[in-house]
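So the protein sequences, as listed, match chains A and B. Letter 266 of the first sequence, counting from 1, is numbered 266 in my numbering, and no numbers are missing. Letter 28 of the second sequence, counting from 1, is numbered 28 in my numbering, and no numbers are missing.
Honestly, the hints are just simulated from the structure, not real lab data. The model shown is predicted, which means the values in this text are computed figures rather than measured ones. For every residue, glycine included, the Cβ atom is placed at its ideal position computed from N, Cα and C. Misleading hints may appear alongside valid ones.
As the list claims (entries may be wrong) - A few chain B residues that face chain A, going by a derived Cβ cut-off under 8 Å, partial list only:
no. : residue
1   : Ile30
2   : Leu56
3   : Gln159
4   : Asp163
5   : Thr164
6   : Asp166
7   : Gln170
8   : Gly184
9   : Phe228
Protein chains: 2
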Amino acid sequence: MSWELTARDLPDLARGATLLGTGGGGDPYIGRRLVEQVLGDRTITMLDPDDLADDLFVVPTAQMGAPTVMVEKIPAGTEPLLALRTLERHLGRTADATMPIECGGINSMIPLVVAAETGLPVVDADGMGRAFPELSMETFAVYGVHGSPLALAGERGEQVVIDTGDDDRQMEWLARAVTIRLGGVGHIAEYAMTGADVRRTAVPRTVSMALDLGRAIRLAREEKRSPFDAIADTLARTPYSHVRELFVGKVRDVERRTTDGFAQGSARIVPLSSGDGSSQDERVCELEFQNENVVARVDGRTVALVPDLVCVLEAETAEPITTEGLRYGQRVRVLGISTPAMMRTPAALDAFGPQAFGLTEEFVPVEELALQDAALP
Amino acid sequence: MSWELTARDLPDLARGATLLGTGGGGDPYIGRRLVEQVLGDRTITMLDPDDLADDLFVVPTAQMGAPTVMVEKIPAGTEPLLALRTLERHLGRTADATMPIECGGINSMIPLVVAAETGLPVVDADGMGRAFPELSMETFAVYGVHGSPLALAGERGEQVVIDTGDDDRQMEWLARAVTIRLGGVGHIAEYAMTGADVRRTAVPRTVSMALDLGRAIRLAREEKRSPFDAIADTLARTPYSHVRELFVGKVRDVERRTTDGFAQGSARIVPLSSGDGSSQDERVCELEFQNENVVARVDGRTVALVPDLVCVLEAETAEPITTEGLRYGQRVRVLGISTPAMMRTPAALDAFGPQAFGLTEEFVPVEELALQDAALP
C-alpha cells in the first residue's frame, strides 16, 4: 500500500538510514536538509513494490563518491534531477517514479530530493538493502537488471552518459573516474527498470524499515526504554531479523584514508574498563571499512562480515556513527545484523560478499557465527 | 573543389601527417592499415571547405590517448564509427561528412576509417593545423565551436557521452579520465558543426597539405633531389610558409614518461661531429615534448616554440620521427615551421600557446626568432 512521507519523518528516516549505512553511505543530514528545503508542507508518495504496475517506468537516483568528500562538498540540490533528465533524454522515455539504489546513508534522501522537485512518487525499496561502496554491488544487477546506461551530473551542469551494456563493473569503473575528476562527488541516475523488474530484483520496503528504525530509537529514548531493544523489536518484524551485540567498548584507534575515490581504513575498539592499551591480553574489536564497515573481528575471530550489517552506535543513545564520525574515546556498541536471503545467495555474494572486498574468508551468516561463538569452550 | 583519395595515397599522407604531428599525434601507420583494409579499391571523397553547404552537418572523429599507448593498443577499427553513431543518436541528427580534429599523426587517418566504412565524405581541414595533446586545443573552440557534447567509444563497445556546455577544458578533463580507464586509448566524435562553422573555425586544406608534403618527400628521394628542399617548396605554397633548419645532429639522450595519459619528456641532440659528450662547450639542441614537441632550444636559446611546428626528421631521407621513435645515435635534422595567422592570434595562443604547456616564455614566431638569431654578434 502506498503511503505519504512528510518533512516531519525525515529526522527519523535519516537516523535509520545512517544505521543501515553501516558506517558509510554518506551523512543523510545534508540530503535531509535538501529535501526539507524543497518539500515544505507537501508530502511524497511512497509506493509499495507489490502495488507497482508491471510496466511502470522506474529510474533510481543517487549520489556517488567518497563519504569523506560528501561531507565537505554540499550539492546544490539540482544535480540528481539533472541526472534523471539526462537519462530520460538518452532513453527517450519519462520516469513514472524514482527509487533509491541504496537505502543506507545519503542515498536514502537523494530520490526524495528528486521527488520533492518533480512530484514523482518514490518506490519503497532499494538495490543494496544497506550501503555498499560500488555501483555494481546491487541486487538489481545480481537478478538481471543492469545499471547501464548510467547518467551522471556534476555541480557545474556537466552531463555524462555511460553505456557499458551488461558490464556493470566497467560502468562503475568509468563512472568512478568521472566522479573523481568532478571533485569526488557525482549525482547519478541508473538501473532504469519496470515495476515488474523492481518486484523481482529489489530489496523491498527498506525505506519504511529505515524510517521505522529511526522512529523506534527516538521513541525509546523519549520513553526512557532501551533503544537497543527497540532496534531488535523493529528488526524482528523484517527480513533483517537477527541482531547480535558484537562488542561494547570505547574507540581506541581510527585509521582512515581516501584512496581512488573511496574512504578506506580500520578502527579498534577496546573494553570500557580498558586502561592505556598497554595490557597484552586485553580484548579488542577490530573493524575494517571500505566506505562501509565490511568486517568485525573480536580478538581476531570474525563475528560479522559483509553483506551482513556491522553497525557502530553510541553506547547509550543508539545514535548510529559513521566511519567519518568515529572519534577516540567514543563509547560505542557494535551490532551485527542479518541480511535477507536474497542478499546471501551465491550470486549475491559474488557481487558484494567478502571476496568482493578483498577478504579471503567465506561468508558465514552472523547468526551462525554467534552459534559457533556460544559453542566455544 | 572536391577530390578523391585512394589507398595508394595513404603512405604519402601518413608521412606528411607524421611530419605535421611534430613528434606526437600517434603513428599513422596503424590507422593507414585500417583504412587500407576497409577501403580496398574504392575512393574517399574529400570536400574542400570553401565548397561546403552552410548547413552541411559535419561530425569530426578521432582517437585520444597517449601515443606511447596507441602504438601498442591497436584499435579494432569499429570504435571511431561507434563514437560517431553514439553522437548522432545523442544529437538526433545524422552526419553528412566527417573531418579530422587534428591533421597530424594517427588522427589524419581515423576519419578516413569512418569514411571507408560509411561512404561519408571527409572535409579537407582540421582544428589543430598540426597535432596537440588536448581536445580543447582546437581552432574550432578558439573561434566559437565547442567540443561538447563529445561521444567516446571503447574497444569493448563502451559508449560514453560527455556534455560540459561551453567548457571544453572540463570536457577534455573528463574524457581523459575515461580514456585512461579504458586502457589509455579512446575513440571520439566531437565538435559537431555546420559547413559554415567549418569555414569560420577550421584550418583549411591540411589533409591535402599533409598528402602534398609526403608525396614531395617521396618524389625527391626517388629523383635524388633534396627532400628538405621539397618540403620547403611545398610549404611555400601554403600558410605554413616559413621553414628553418634549427639543428643538424645526432640524438644523445631521450627521457620519456607516460603520466596522466600523456607522453612527456625531453631529448638532447648534439652535433654530428660530437664525441662522447664530455666537452663543456659543445653545442646542443634540447627538445621538450608533451605528446608533441613544444619547444626547441639551441644552447639554451629558444629557436621555435608551440604552436609553431618543431619537427625532427631523419637527416638524409627526411623521414619524420615521432618522440616514440627517437633513439640514441639517430642522425636528425630539426625543422621549425611557421603556423598560419589564425593559429597565432591572442585567443589561439591562450588555447595552445606556450603558457598552455606550462612554459613561462611568450610566443615568438619562428621567423622572428631566426631574425633575432641572425642579428647576434
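Of the hints stated earlier, which fail here? 1, 2, 6, 8 and 9
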